[in-house]
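Protein sequences appear in the order of chains B and C. In terms of the numbering used here, the first sequence is residues 1 to 155. In terms of the numbering used here, the second sequence is residues 1 to 155.
Just so you know, not all the hints are guaranteed correct.
Each pair may be met inside one copy or between any two copies, as identical chains are not told apart.
[Said to hold, decoys possible] Below, simulated SDA-like cross-link-like pairs (lysine to any residue); rule was C-alpha separation at most 25 Å, straight line: (1) 85 to 23; (2) 85 to 140; (3) 85 to 57; (4) 85 to 139; (5) 85 to 108; (6) 59 to 107; (7) 59 to 130; (8) 59 to 139; (9) 85 to 74; (10) 85 to 73; (11) 85 to 126; (12) 85 to 123; (13) 59 to 144; (14) 59 to 22; (15) 59 to 37; (16) 85 to 124; (17) 59 to 145; (18) 85 to 107; (19) 59 to 105.
Everything labelled a hint here was simulated from the structure, so no lab data went into it.
2 protein chains.
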Amino acid sequence: MERADYSDTNCSVARTLAVMGDRWTMLVLREAFFGVRRFEAMQRNLGIARNVLTDRLHKLVENGILARVLYQDRPERHEYRLTEKGLGLYGPLIALMRWGDEHLAEPEGPPLVLHHERCGRDMAPTLTCSECGETIDPREVRPLPGPGARAHTRA
Amino acid sequence: MERADYSDTNCSVARTLAVMGDRWTMLVLREAFFGVRRFEAMQRNLGIARNVLTDRLHKLVENGILARVLYQDRPERHEYRLTEKGLGLYGPLIALMRWGDEHLAEPEGPPLVLHHERCGRDMAPTLTCSECGETIDPREVRPLPGPGARAHTRA
Numbered sequence: 001m002e003r004a005d006y007s008d009t010n011c012s013v014a015r016t017l018a019v020m021g022d023r024w025t026m027l028v029l030r031e032a033f034f035g036v037r038r039f040e041a042m043q044r045n046l047g048i049a050r051n052v053l054t055d056r057l058h059k060l061v062e063n064g065i066l067a068r069v070l071y072q073d074r075p076e077r078h079e080y081r082l083t084e085k086g087l088g089l090y091g092p093l094i095a096l097m098r099w100g101d102e103h104l105a106e107p108e109g110p111p112l113v114l115h116h117e118r119c120g121r122d123m124a125p126t127l128t129c130s131e132c133g134e135t136i137d138p139r140e141v142r143p144l145p146g147p148g149a150r151a152h153t154r155a
Numbered sequence: 001m002e003r004a005d006y007s008d009t010n011c012s013v014a015r016t017l018a019v020m021g022d023r024w025t026m027l028v029l030r031e032a033f034f035g036v037r038r039f040e041a042m043q044r045n046l047g048i049a050r051n052v053l054t055d056r057l058h059k060l061v062e063n064g065i066l067a068r069v070l071y072q073d074r075p076e077r078h079e080y081r082l083t084e085k086g087l088g089l090y091g092p093l094i095a096l097m098r099w100g101d102e103h104l105a106e107p108e109g110p111p112l113v114l115h116h117e118r119c120g121r122d123m124a125p126t127l128t129c130s131e132c133g134e135t136i137d138p139r140e141v142r143p144l145p146g147p148g149a150r151a152h153t154r155a
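Okay, chain B solo, but in the shape it has when bound (with noise of 0.2 Å):
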């Protein structure tokens, strides 16, 4: 029976992983979305330890998430702004944290309301489906081989 290869090599979720699954890099892009751009302050902001922080933020740069950009000549002074590459990741991070306000959060709410600045409301973000715009239900969802797919034979 021939089924799509969903091994690690070729799957999105891992690949995604890969680059952002850790824990400290999840957190250091939420400050950046957050709108926090300066290494004192996300350091500040998470507890998190100087070297690991280095380490977390050079490899959003090399993955082209982050980009460093000077904001101030003397001395020389670096912030992170996230690219558009990086501001793709606000769907991925904002469901994790859906989640989260609905199933560990306190007794007495989420943490954190999102502002929707366009309508002006508070909002729950919503998957819903490009085609027909309905909420989406797992149930209802069937993953089928893509062009990326890479079929092989299993026993």
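Given chain B's structure and the hints, the job is docking chain C onto it.
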């Protein structure tokens, strides 16, 4: 200046990652969402060490994400099914997949496509605002302290 407490202990992203941010855990979940329910099949598909898989399944059951269900009496055999809480992780999982498809896939395209049985088309899961229905642009969202925020003083 007051600011919401974004520390690890009061952040839904950090809490969610503590439960499922481990790479093997997320790959086990991927299998579960693809309909794989049995230890042997997961082990074979993932090429994961048996003791690691046992450990991750145990934790997922403990956290109420998977349920261990008897499906055969003699000999006793169990399978692992997603609970409602577990089904809620579909959003984070396909959000991660989507980003990988866009940024890390092979030139020929993504390894999987998602077929929406409800509308009969292949789709891109899209993050929209629950209030106005528009696609979410991270630059238009502001995080505000929620009911569970613990305000604290910051120098």
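Hint check:
1. 85 to 23: both (19 Å within a copy, 21 Å between copies)
2. 85 to 140: between (29 Å within a copy, 17 Å between copies)
3. 85 to 57: within (15 Å within a copy, 33 Å between copies)
4. 85 to 139: Answer is between; shortest inter-copy Cα gap is 14 Å, intra-copy 30 Å.
5. 85 to 108: Classified as between: cross-chain Cα gap 19 Å, same-chain 35 Å, threshold 25 Å.
6. 59 to 107: between (37 Å within a copy, 23 Å between copies)
7. 59 to 130: Classified as neither: same-chain Cα gap 32 Å, cross-chain 34 Å, threshold 25 Å.
8. 59 to 139: between (36 Å within a copy, 23 Å between copies)
9. 85 to 74: neither (30 Å within a copy, 52 Å between copies)
10. 85 to 73: Cα proximity of residue 85 and residue 73: none, with 27 Å in one copy and 51 Å across.
11. 85 to 126: both (21 Å within a copy, 16 Å between copies)
12. 85 to 123: Answer is both: 24 Å inside a copy and 21 Å across each meet the 25 Å cutoff.
13. 59 to 144: Neither: 32 Å inside a copy, 29 Å across copies.
14. 59 to 22: both (11 Å within a copy, 18 Å between copies)
15. 59 to 37: Only inside one copy: residue 59 and residue 37 sit 16 Å apart there, 35 Å across copies, limit 25 Å.
16. 85 to 124: both (23 Å within a copy, 17 Å between copies)
17. 59 to 145: neither (31 Å within a copy, 30 Å between copies)
18. 85 to 107: Classified as between: cross-chain Cα gap 17 Å, same-chain 35 Å, threshold 25 Å.
19. 59 to 105: Between. Shortest inter-copy distance 19 Å satisfies the 25 Å Cα cut-off; intra-copy 30 Å does not.
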